[in-house]
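Residue numbers (the working numbering), protein chains in the order written: chain H, 1 to 478; chain X, 1 to 387.
In short, the hints are calculated from the structure, not lab data. Only a predicted model underlies this, so the values are computations on that prediction, with no experimental measurement involved. There could be a bad hint or two in this list.
[Said to hold, decoys possible] From the structure, some residues in chain H lie toward chain X, with a derived Cβ separation under 10 Å:
#1 Leu6
#2 Ala197
#3 Ala200
#4 His349
#5 Gln353
#6 Leu357
#7 Pro361
#8 Gly447
#9 Ala451
#10 Ala464
[To be verified] Here are the simulated lysine to any residue pairs, SDA-like style, with alpha carbons at most 20 Å apart:
#11 Lys131/X with Gln226/H
#12 Lys183/H with Asp153/H
#13 Lys7/X with Arg193/H
#14 Lys113/X with Leu17/X
#15 Lys7/X with Met448/H
#16 Lys7/X with Lys148/H
#17 Lys7/X with Ala189/H
#18 Lys113/X with Phe36/X
#19 Lys7/X with Leu17/X
#20 Lys131/X with Phe143/X
#21 Lys148/H with Phe17/H
#22 Lys7/X with Ala45/H
#23 Lys7/X with Asp153/H
#24 Lys218/X with Lys7/X
#25 Lys7/X with Ala453/H
#26 Lys102/H with Ala45/H
[Unchecked claim] Distance windows between CB atoms, simulated:
#27 Gly48/X with Leu60/H: 52 to 62 Å
#28 Ala422/H with Gly25/X: 31 to 41 Å
#29 Asn110/H with Ala230/X: 34 to 44 Å
#30 Gly421/H with Arg367/X: 29 to 39 Å
#31 Leu38/H with Asp173/X: 27 to 37 Å
We put the beta carbon where it would ideally sit given N, CA and C, even for glycine.
Chain by chain, the residues run as shown.
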Amino acid sequence: MLFNSLEFILVFLPVAFLVYFGLNRIRFPVAGKSWLVLASLVFYAWWNVAYLPLILLSILVNYVVGGALARRASGATRGPIKAEWLLAAGVIFDLGLLAYYKYADFFWDNFGRLFDASPVSLGIVLPLAISFFTFTQIAYLVDSYRGKAKEYDLLNYTLFVTFFPHLIAGPIVHHGEIMPQFKAVANLARRYRNVLAGLALFSVGLAKKVLIADSFAVWATAGFDQAASLSFAEAWVSSLSYTFQIYFDFSGYTDMALGAALLFNIRMPFNFDSPYRATNIQDFWRRWHITLSRFLRDYLYIPLGGSRVAPGRVYVNLATTFVLGGLWHGASWMFVLWGGLHGAAMMLHRIWQRTGLRMSPVLAWLLTFNFINVTWVFFRAQTLDDALKVLRGMAGLDAMGGLGAGFAGWAGVLDGRIEIGAALLAGLFIVLLRRNSNALLSGASLGMTSAIAYGLLGAASLLALMASKYSEFIYFNF
Amino acid sequence: MDRRARKLVFVLILSALGPVALLFGAFFVYDPLALFHPPWGRPATVHGNMRLHAAGEIRHGDFDSVILGTSILENSSALEASRILGGHFVNLSISAGDFFERGLMLQRLLERKQVRRVIYSLDFIYLNQRKGYPVFPLPTYDFLYDSNPFNDIRAYLNGHFLGCLARWSRAPDCVGRETNLDRPNAWMDEPEYATRFGGFDAWCRAGDNYQIRDVYEKVSGAVNAIRTGAIEAPDPLQTARAIDYLENNLVTWIKEYPDTRFDLVFPPYSRAKLAIWYQSRPGDAQTHLAVIRYLAELSGRLPNLHVYGFEDQDFLDDIARYKDMDHFDPAISALITRSIGQEAHRIVPQNVERYIAEAERRGRAYRLDVLAARLAACVEPRPGATP
């Protein structure tokens, strides 16, 4: 089920909310949690019920391993198997599932090509959300090993993993961030301030997705997928459209997730903090997909040695982290390339920092934004040829496309439409100058005018949603 | 504090759902396509876009039989069909409709209504297995034929119908014309088309018409291909794909609804069109003949399936009966209906090979080069087009 679907907004979410608090109200909190688990599993199975056993198996194995690790960490038991081995077994199980379902086809295909055999697909379907629930559970295992998490109740653990607002596309949460909130007695009752902020945040997220991201998607798709060659202006329109599309799509999704969770009095961590305002690449990764950056930093970069090793080794650690981070997004060399470019940028940034030189903030922003914009081309393009097509156009090197700004010919959607320029400027204005939606979660108080404004924004988004065809979130594919 | 927040929650929800509910309520009452109910406070009308109109007609219309063709059957009279074949026919043919589009309509029609009879044209689109016509993109109407009634409102959520609602307009472009469903989208009397019937001179007079230019380019292209030997080799999978396409979008409903009689008509295209297949497009010709064979054989097993063809008739050679290579005059439309009534021109397992042999013989004997030369004398080629 998608957050931007009528069945979710008008049926699933209200029913889940009313029944949960109804059960809590008559002093059945366990039934309330069970209800949320059931609702979350229905939410997941709506996509394909066949993959329900997979997520349940994954939960069961991680619950057992995590419990054993927590007991060892607290000194309650020692057991015949060392904690390190137990942790390794759990992580291998999780990565094994991910490797099979997400990467087996990719490696098999590349193996075939290496030996000049015709590529044969294994036909493995990527289960929805596997990248997210795998990382959530790996974090849980490591936290249990370190004594930062312990969960001996299967229902609680299942709720932690499956709680529908974060299940499909994050944020990637830690046990310690979520479960204490479910245990707090004060959170068992409806809290209208949270409901108000949650609904406002959900409206903002829905608007970002259906009013903004889906509009940019049309122009991005036309440039990346339909055009044979692009003029200078067309190529920049295409790449900038995707730059805005992916931000509004994913941050819109996250706003909806955070808003939906807040209805249940659960505050999830921010995932975005105006990333396109970043003035260097490190700053960008502190603002973009924050919970993934945090995971990669805490569970990959730092265990590799982080920055506390020799400079050469730091660069290797950075490259490894970003290449694997790129690969996490999907089994494709394009994601590897994208991750590698960001890793290289991080290395350059570190070298720049060591020189002690300063750059003007405007120039720094311009460099950072354009680097991000250019690297999104690799992220979006299906093939290297598609990426080069766009990049050639952006550099004004495409002989067929030329330098003209007429939007002529290649796609009816761009044919002489001035509103594209206006939309790009509006997008830039929003991402650079508007207050971001995190303020709503931070407890900014809402008055009558803003309640009406958020309501009307929700109304406009609902109508746009009904007027449009099904549109998936980009991060559902990861 | 919580009381104030509670009030604001109520205000926010009302602000979000109130305008949506108001708009839906207004569209429910106005309902220009009669999707939700028969017209209220206005006479019944037929919208020019049959892809949109037919959805409401299927739900609320009073009929038991249907002509479900393309532009090929838009001139066929439903009243005449009712008189000759019995029952109550309506003509829901869609311009440039393919089998996939009509499959959507057919499924919804058969599920909702007890349908006695369906007259259906077997247009050549099985050759390319098209799914959706770009001029009427599928996403703009396919949801009207799914099983979810709640998404039908999407048909109205666009600038056009919002404008119509704002004016509560009864203009034809909003609610359609006050006409019946005899042949609501008939084109035979439109001067642009009607003037092209009557003979080669009529085609020549319309030499700058895009359809006549298209005839010229196709005929001369075929002649060139034959002369130079540049004839495309058949795609070995085309026939299988065509039959699969027919199975999925038509035959499945014939099998599932044995009480509904299906009269499938191979359109009597001009001989020139068929000759292009037989002489210069062997893949298309093979697939066309395989489809004839397949449906004829099937009609021997399915009593509710009747198939009609006219390629063994002389009138296909007479371009005076055609406004272009595909579309014929109203008398041929009437002939088709009469043939169905008389069970004439049926293709059945017993005569299919004889029919195919005759169709092929006539198609191969047709002088495309003569037609090309005559067209060349009066049709200005498009700039850049291959003569």
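To see whether the hints hold, each was checked on the structure:
The restraint placing leucine 6/H at the interface with chain X holds, with a minimum CB-CB distance near 7 Å, inside the 10 Å limit. The interface hint given for alanine 197/H holds, since its Cβ lies 9 Å from the closest Cβ of chain X, which is under the 10 Å cut-off. Taken as an interface hint, alanine 200/H checks out: its beta carbon lies about 7 Å from the nearest beta carbon of chain X, inside 10 Å. For histidine 349/H, the suggested interface contact is broken, since its CB lies about 43 Å from the closest CB of chain X, more than 10 Å.
Interface restraint check: glutamine 353/H against chain X, minimum CB-CB distance 46 Å, threshold 10 Å, status violated. Among the interface hints, the one on leucine 357/H is violated; its C-beta lies about 50 Å from the nearest C-beta in chain X, farther than the 10 Å criterion. Given the 10 Å rule on beta carbons, the hint for proline 361/H is violated: about 38 Å separates it from the nearest Cβ of chain X. A least Cβ separation of about 8 Å between glycine 447/H and chain X falls short of the 10 Å threshold, and the interface hint therefore holds.
Taking 10 Å as the C-beta contact cut-off toward chain X, the hint placing alanine 451/H at the interface holds, the least distance being around 4 Å. Checking alanine 464/H against chain X by beta carbon gives a least distance of about 8 Å; that is within 10 Å, so the hint holds. The hinted pair formed by lysine 131/X and glutamine 226/H meets the criterion: a straight-line CA distance of about 19 Å does not exceed 20 Å. At roughly 12 Å between alpha-carbon atoms, lysine 183/H and aspartate 153/H fall within 20 Å of each other, so this suggested pair holds.
For the suggested pair lysine 7/X and arginine 193/H, the alpha carbons sit about 10 Å apart, so the restraint of at most 20 Å is met. In summary, the hint linking lysine 113/X to leucine 17/X is not supported, as the alpha carbons are separated by about 35 Å, beyond the 20 Å threshold. For the proposed pair lysine 7/X and methionine 448/H, the alpha carbon gap of about 9 Å is at most 20 Å, so the pair holds. In summary, the hint linking lysine 7/X to lysine 148/H is not supported, as the alpha carbons are separated by about 40 Å, beyond the 20 Å threshold.
Only pairs whose Cα atoms come within 20 Å are accepted, and lysine 7/X paired with alanine 189/H is accepted, the gap being roughly 17 Å. Straight-line distance between C-alpha atoms of lysine 113/X and phenylalanine 36/X comes to about 16 Å, which keeps the hinted pair within the 20 Å bound. For the given pair, lysine 7/X sits about 15 Å from leucine 17/X by alpha-carbon distance, which is consistent with the 20 Å threshold. Proposed proximity of lysine 131/X and phenylalanine 143/X is supported: the alpha carbons are some 15 Å apart, at most 20 Å.
The hinted pair formed by lysine 148/H and phenylalanine 17/H fails the criterion: a straight-line CA distance of about 30 Å is larger than 20 Å. Between the alpha carbons of lysine 7/X and alanine 45/H the distance comes to roughly 35 Å, so the proposed pair goes past 20 Å and is violated. For the suggested pair lysine 7/X and aspartate 153/H, the alpha carbons sit about 38 Å apart, so the restraint of at most 20 Å is broken. About 70 Å separates the Cα atoms of lysine 218/X and lysine 7/X, which puts this hinted pair outside 20 Å; it is violated.
A C-alpha spacing of about 15 Å is found between lysine 7/X and alanine 453/H, which places the hinted pair at or below 20 Å, so the restraint holds. For the hint pairing lysine 102/H with alanine 45/H, the CA-to-CA distance comes to about 19 Å; that is within 20 Å, so the pair holds. Checked against the hint of 52 to 62 Å, the C-beta distance between glycine 48/X and leucine 60/H comes to roughly 60 Å, which is consistent with it. At about 33 Å, the beta-carbon gap between alanine 422/H and glycine 25/X stays in the expected band of 31 to 41 Å.
Evaluation of the 34 to 44 Å hint for asparagine 110/H and alanine 230/X yields a pass: the beta carbon distance comes to about 40 Å. In this structure, glycine 421/H and arginine 367/X break the distance hint of 29 to 39 Å, their C-beta atoms being roughly 57 Å apart. Distance hint check for leucine 38/H and aspartate 173/X: the Cβ-Cβ separation is about 50 Å, which falls outside the suggested range of 27 to 37 Å.
Checked against the numbered hints listed earlier, the structure breaks hints 4, 5, 6, 7, 14, 16, 21, 22, 23, 24, 30, 31; every other hint is satisfied.
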